[in-house]
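**Student:** Read off the chains here:
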Amino acid sequence: MELDIIHLDMDAFYAAVEMKDNPELVGKPVIIGGLSRRGVVSTASYQARNYGIHSAMPMHQARKLCPHGVYLKPRHGRYKEVSAKIQEIFCQYTELVEPLSLDEAFLDLSQNDRNSLQLAKEIKRRIKKEVGLVASVGVSYNKFLAKLASDFDKPDGFKVISPFAAEKILFPLDVSQLWGVGPQTEEKLKRLGLHKVKDIAQADKHFLIRKLGKKGYQLYNLAWGKDEREVTPAGPPKSIGKETTFRFDLDDKAAVLENLKRLSQQVAQRATKKGVKGRTVTVKIKYEDFTEISRSKTGERYLEAQEQIYQVAEQLLEDIELNKKIRLAGISLSTLNHSDFKQLKLFD
Amino acid sequence: MRVKLQQKEFYQGIQTVRKAVSSKTTLPILSGILLKTEGDKLKLVGTDLEIGIECFVNTQVIQEGAIVLPAQHFTNIIRELPNEEIILSAETSNNTAQIKCGNSQFNIHGSPADEFPLLPEVESGTKLTIEQQRLKKIIEQIKFATSKDENKPFLSGGLLLLEDETVKLIATDTYRLAYKENTITDKQGELTKAIIPNTTLQELTKLLDNQEEKTKIVLTDNQILFKFSGISVVSRLIEGQFPNYKQVIPDTSETEIVVNTQQLLQATKRAALLAKEDSDIIKVNFNEDGLIITSNAPEIGQAYEEIPISLVGQETEIAFNAKYLLDALKVISDEEVTIKLSGPLAPGVIKTKSEQEYIYVIMPVRSA
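Protein chains in written order, with the numbering used here: chain A, 1 to 348; chain B, 1 to 368.
These are computed hints drawn from the structure, not numbers from a lab. Any given hint could be a false lead.
As the list claims (entries may be wrong) - Okay, derived cross-link-like pairs now, BS3-like style, lysine-lysine, Cα gap no bigger than 30 Å in a straight line:
(1) A:238 to B:148
(2) A:238 to A:198
(3) A:253 to B:148
(4) B:323 to B:19
(5) A:261 to B:152
(6) A:345 to B:193
(7) A:342 to B:193
(8) B:269 to A:345
(9) B:351 to A:273
(10) B:193 to B:148
(11) A:73 to A:238
(12) B:216 to B:8
(13) A:73 to B:152
(14) A:274 to B:8
(15) A:20 to A:196
(16) A:274 to B:148
(17) B:214 to B:36
(18) B:36 to A:238
(19) A:345 to B:351
(20) A:261 to B:19
(21) A:274 to B:323
(22) B:43 to A:342
(23) A:128 to A:242
(24) B:36 to A:345
(25) B:323 to A:261
(26) A:80 to B:152
(27) B:330 to A:274
(28) A:342 to B:8
Required output: the full structure, derived from the provided sequences and hints.
**Tutor:** Set out below in structure tokens:
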């Protein structure tokens, strides 16, 4: 088990880019996110985090906690630009780069002859020098542990998890730290008396599979530091989705359908633009209490037209309880097929 | 209000105006239909503020008055009643209506008529008339090419151009463009341009009849009115600049063929059966000895269709989205069409000979 997998996570990326572009902001609590009444924080600088602000927090709450903070609208175009520069550096070391978002990526350095630890340090240094930003780096022998490592001593972290240390690091962790454990699974695990990673590792594998299915097996492996997922370079998109947070929570089905219609239109447009069709339609609903539910359906035919996508979405909504007010709705199209053809246009 | 009327005629009137009733709940009263006595008729009005439809039903007016009734329930009730005489009465003091027919009786809650928005007055403007069936055909030949892209509202309707003796209607979604021109004789007024929303075009084709009787059209700066068979349709116009359509209609070509419309339509339909799973793409070969359509759905199989044609110019091959081709062929009643091409990546043009000028421009699909 070689330490070839690294996970890089840019520290407070959006805020860091803003500070880089505008040095006056350095040292100030900078909060980036939607500035409207119902916006949420997408990134808070470390100074802002000292006030208790964190990402996904409603903006109005952040403003209460830190009234004198600098509140900025995200400039996605600029972040993309900076992210591309960082990607360029990655690509000089390996072809196996898997970006997770603009500020996060896995690298598999096994193809590179040089020592991976040295390479990881060098990449971190170069990002600092050439882009002017700080990355936290985790090095390990699989994706799960590399990501766990990069999270360990953020900001400006550099952490290695070796096979010998894995058990010592993993066992005392809360089960929620395992990849794939969301609030629902967490609750389920705790009801089964499994609170720490150690509990899962020492539980009976078949018991976990019986209770949690495939996920139980997955969690058992993760608890022992085993993760077989490969670093897969970004290919064509796997899904095309669009979601919207309503200006106010909705409790009217017709209004939700109206929004699904609009979303399916946007998804259809993006699919056409990318020249793809999909067989799976997923509808996601977030309730006023922030709980989420999603339902999907995979058909025989590849869909791309708005009417087709909406029709499935409408059916899916039938299976979703509308007993609480709804905050957000989303539609995505997946199981895509990528056409080799491009419909030409008369004009743009 | 108290009126007597026949169920069948009443239901027909309701269905006519129902098409304009708002499906959104922005303004609750818009989910209703306005009923109002006028002379010896009952006027029905539905509107969503974008489009308004008004029509008249013959009645025996016993007492004048007006009320707004919820469209959905009201329509369902009238639909299910037997084809007999209905007595409709409305009480203004508490906004309720009573519907009596045979042994059935319904009381339903309505809203006061004076809260219902008035349809805009469209009287002074540019005027013309055109036979219903001709207008219907003009709209049918272009409406499918309007865009569904909500980021380009100016493409979501048909461009109406009025010249001294010609009317033109054009629609495009950037992948294809449909152009239709026809003669008019009695245009009065200065306005020459308007973009009519797609939904209005849709409703018009449903409401217009295949008859010689004329439709009166009145165009103002932001509204257009169509009046025919006792029905008035008032529609808001779309603002914005329609692209220069002349620029995208090619005037030269390297290949020109004449082909039987029905044969091409049927062959395309069949070939499209095996293009479905992919992206409706068919390949068309234009050869001296015939036109060959092929399609390929890798998991299922291949289709091959051959049609005799007469070809002038170079042989060529081009790929189209079958749907775009079918859309146009379906609305052409001419026995033959002319197709002009300039290689696999240039727009193809379909023209008819005898129908007053119809031009359909379609962009090909390029294999990557």
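**Student:** Next, verify each hint and record whether it holds.
**Tutor:** Structure-based check of each hint:
For the hint pairing residue 238 of chain A with residue 148 of chain B, the CA-to-CA distance comes to about 25 Å; that is within 30 Å, so the pair holds. Straight-line distance between C-alpha atoms of residue 238 of chain A and residue 198 of chain A comes to about 34 Å, which puts the hinted pair past the 30 Å bound. Annotation: proposed proximity of residue 253 of chain A to residue 148 of chain B holds, straight-line Cα distance about 24 Å (limit 30 Å). Of the supplied pair hints, the one linking residue 323 of chain B and residue 19 of chain B holds, its CA atoms being roughly 27 Å apart against a limit of 30 Å.
With a CA separation close to 17 Å, the supplied pair residue 261 of chain A and residue 152 of chain B stays within the 30 Å bound. Under the criterion of a C-alpha separation no larger than 30 Å, the hint pairing residue 345 of chain A with residue 193 of chain B is consistent with the structure, at around 25 Å. Using a Cα cut-off of 30 Å, the hinted pair residue 342 of chain A and residue 193 of chain B is violated, with the two alpha carbons roughly 33 Å apart. Of the supplied pair hints, the one linking residue 269 of chain B and residue 345 of chain A holds, its CA atoms being roughly 23 Å apart against a limit of 30 Å.
About 29 Å separates the Cα atoms of residue 351 of chain B and residue 273 of chain A, which keeps this hinted pair within 30 Å; it holds. This hinted pair checks out: residue 193 of chain B and residue 148 of chain B have alpha carbons roughly 21 Å apart, not beyond 30 Å. At roughly 28 Å between alpha-carbon atoms, residue 73 of chain A and residue 238 of chain A fall within 30 Å of each other, so this suggested pair holds. In summary, the hint linking residue 216 of chain B to residue 8 of chain B is supported, as the alpha carbons are separated by about 26 Å, within the 30 Å threshold.
At roughly 26 Å between alpha-carbon atoms, residue 73 of chain A and residue 152 of chain B fall within 30 Å of each other, so this suggested pair holds. The straight-line distance between the Cα atoms of residue 274 of chain A and residue 8 of chain B is roughly 50 Å, outside the 30 Å bound, and the hint therefore fails. Of the pairs offered as hints, the one joining residue 20 of chain A and residue 196 of chain A is violated, with about 40 Å between alpha carbons and a cut-off of 30 Å exceeded. Restraint check for residue 274 of chain A and residue 148 of chain B: satisfied, since their Cα atoms lie roughly 17 Å apart, inside the 30 Å limit.
For a cut-off of 30 Å, the pair hint linking residue 214 of chain B to residue 36 of chain B stands: about 26 Å separates their Cα positions. Restraint check: the Cα-Cα separation between residue 36 of chain B and residue 238 of chain A comes to about 56 Å, which exceeds 30 Å; the hinted pair is violated. Of the pairs offered as hints, the one joining residue 345 of chain A and residue 351 of chain B holds, with about 20 Å between alpha carbons and a cut-off of 30 Å not exceeded. Proximity of residue 261 of chain A to residue 19 of chain B is assessed by CA-CA distance (about 19 Å); at most 30 Å being required, the pair is judged to hold.
At most 30 Å may separate the alpha-carbon atoms for a hinted pair to count; residue 274 of chain A and residue 323 of chain B meet this at roughly 19 Å. Between the alpha carbons of residue 43 of chain B and residue 342 of chain A the distance comes to roughly 51 Å, so the proposed pair goes past 30 Å and is violated. About 34 Å separates the Cα atoms of residue 128 of chain A and residue 242 of chain A, which puts this hinted pair outside 30 Å; it is violated. For the suggested pair residue 36 of chain B and residue 345 of chain A, the alpha carbons sit about 49 Å apart, so the restraint of at most 30 Å is broken.
For a cut-off of 30 Å, the pair hint linking residue 323 of chain B to residue 261 of chain A stands: about 22 Å separates their Cα positions. At roughly 26 Å between alpha-carbon atoms, residue 80 of chain A and residue 152 of chain B fall within 30 Å of each other, so this suggested pair holds. At roughly 29 Å between alpha-carbon atoms, residue 330 of chain B and residue 274 of chain A fall within 30 Å of each other, so this suggested pair holds. For the proposed pair residue 342 of chain A and residue 8 of chain B, the alpha carbon gap of about 51 Å is over 30 Å, so the pair is violated.
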